[in-house]
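*Asks:* Chains A and B are the protein sequences, given in the same order. Residue numbers for the first sequence follow the numbering used here, beginning at 1 and rising by one. Residue numbers for the second sequence follow the numbering used here, beginning at 1 and rising by one.
Wrong hints could be hidden among the right ones.
[Unchecked claim] List time: in silico DSS-like cross-link candidates among lysine-lysine, alpha-carbon distance up to 30 angstroms: (1) B:Lys42 - A:Lys14; (2) B:Lys58 - A:Lys9; (3) B:Lys58 - B:Lys22; (4) B:Lys42 - A:Lys9; (5) B:Lys37 - A:Lys9.
[Stated by the list, open to error] Chain A stretches covered by chain B per the calculated footprint, using a threshold of three residues with CB under 8 angstroms from any CB of chain B: (6) 34-43; (7) 46-59; (8) 93-105.
For the record, the hints were derived by calculation from the structure and aren't laboratory data. None of these values were measured; they are calculated from a predicted model. Ideal Cβ placement from N, Cα and C applies to all residues, glycine included.
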Amino acid sequence: NAGVTQTPKFQVLKTGQSMTLQCAQDMNHEYMSWYRQDPGMGLRLIHYSVGAGITDQGEVPNGYNVSRSTTEDFPLRLLSAAPSQTSVYFCASSTRGASGNSPLHFGNGTRLTVT
Amino acid sequence: GENVEQHPSTLSVQEGDSAVIKCTYSDSASNYFPWYKQELGKRPQLIIDIRSNVGEKKDQRIAVTLNKTAKHFSLHITETQPEDSAVYFCAASPNNFNKFYFGSGTKLNVKP
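Isolated chain B (complex conformation) (with noise of 0.2 angstroms):
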């Protein structure tokens, strides 16, 4: 089955500055991508998600790139503020289904 991974599994970054989170994927039938905010014990939220005929999306501070050559993903956080703060997961999908799997998390500090 597909194996999602993702890095780093911390980050902490002073506020203001940028924010990047990078994931793999072994699938090449993954065709869709979506990344999750989670808040401390609240469930996860989408964020931001890219489809695989499509290399770079943009919404205000937040982005993701796909390099379905390499099977590598990233999500960029620009400007970044304390309510950023939260743990985010990426996810693929190699089916229509929606079957997800998940890597295991990035938490997120931004440093007033």
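Isolated chain A (complex conformation) (with noise of 0.2 angstroms):
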């Protein structure tokens, strides 16, 4: 199992600029979510999606799109990049467990700069 991949790795943007970021897993996991990471400010919550066709926002959603057309992918949409989002964006799945909230697992991480 390849576990969480996320793509790509390091990303420069202007400001204005909008791109995707890609996150796809293979544990058949139902839900996925995005964090940001900034510094002395640990992960915050953009959006998440406990399913195929469901997605929710967290903490910081603004500025950013989800969609979760299958259990796999679960994209990151910057729709007019901003110097606020440079960060450090994790892609993280989990399942339902029988005792209620699981682990997260983590991807690689993508390393965002907006210029």
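Hints in hand, dock the two standalone chains.
*Replies:* Below you can see the structure in the form of structure tokens.
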């Protein structure tokens, strides 16, 4: 199993450009989510999905869109990049455990710089 | 929404000493509390977790304690080693949709 695969690893954008961060998992996990990591602020939830066709907003959704057309894929779209979106982005997946919540499996991250 | 606070932000210990990292949460509905370790440039990886129906859990040199009444949980690392040096994050999840709220992280430095 590859686990959670994110592409690209690095990206530089100019202000106003749009792009899509790709995320795929091969563990048949129901839940997928996107977090951004900024220095001194931990990880903050952007959007999450509980299954194909179902998405919802997290703590910091503004400026980002998501869709979940398949169980495996959960792309994150930046509509019009801003310098405030410079961050490291992590995609994560998890399964619905018998006891409730279960641990997140993270991808390797995408380091995004917006100039 | 849930608010997770983590202390200290940096912690320096001598090899062999113990390290303790503390987190508090605000939402009494939170029922699952994982801890992640993140090495420089790498992804966070789970090291231990605890559910709200348990007060303590241990895995070799690592233990986590939970006080639901006070809404705080702590990570304890005994006999620290240089390879324990990393950033540690606590998290809390208040529902069964696997939404997590993270603390701001603790940078642990274990000096040989």
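*Asks:* None of the hints should be skipped; say for each whether it holds.
*Replies:* Each hint, compared with the structure:
For the proposed pair lysine 42 (chain B) and lysine 14 (chain A), the alpha carbon gap of about 26 angstroms is at most 30 angstroms, so the pair holds. Proximity of lysine 58 (chain B) to lysine 9 (chain A) is assessed by CA-CA distance (about 35 angstroms); at most 30 angstroms being required, the pair is judged violated. Between the alpha carbons of lysine 58 (chain B) and lysine 22 (chain B) the distance comes to roughly 16 angstroms, so the proposed pair stays at or under 30 angstroms and holds. As the CA atoms of lysine 42 (chain B) and lysine 9 (chain A) are separated by approximately 11 angstroms, the hinted pair is consistent with the 30 angstroms bound.
A threshold of 30 angstroms between alpha carbons decides the hint, and for lysine 37 (chain B) with lysine 9 (chain A) the separation of about 20 angstroms falls inside it, so the pair holds. Look at the stretch 34-43 of chain A against chain B: 5 of its residues bring a Cβ nearer than 8 angstroms to a Cβ of that chain, three or more, so the hint holds. Against chain B, the stretch 46-59 of chain A contributes 4 residues with a C-beta closer than 8 angstroms to a partner C-beta. That satisfies the three-residue criterion, and the hint holds. Proximity of the stretch 93-105 of chain A to chain B, defined as three or more residues with a beta carbon under 8 angstroms from a beta carbon of that chain, is established by the 8 residues found.
Consistency with the previously given hints fails for number 2 only.
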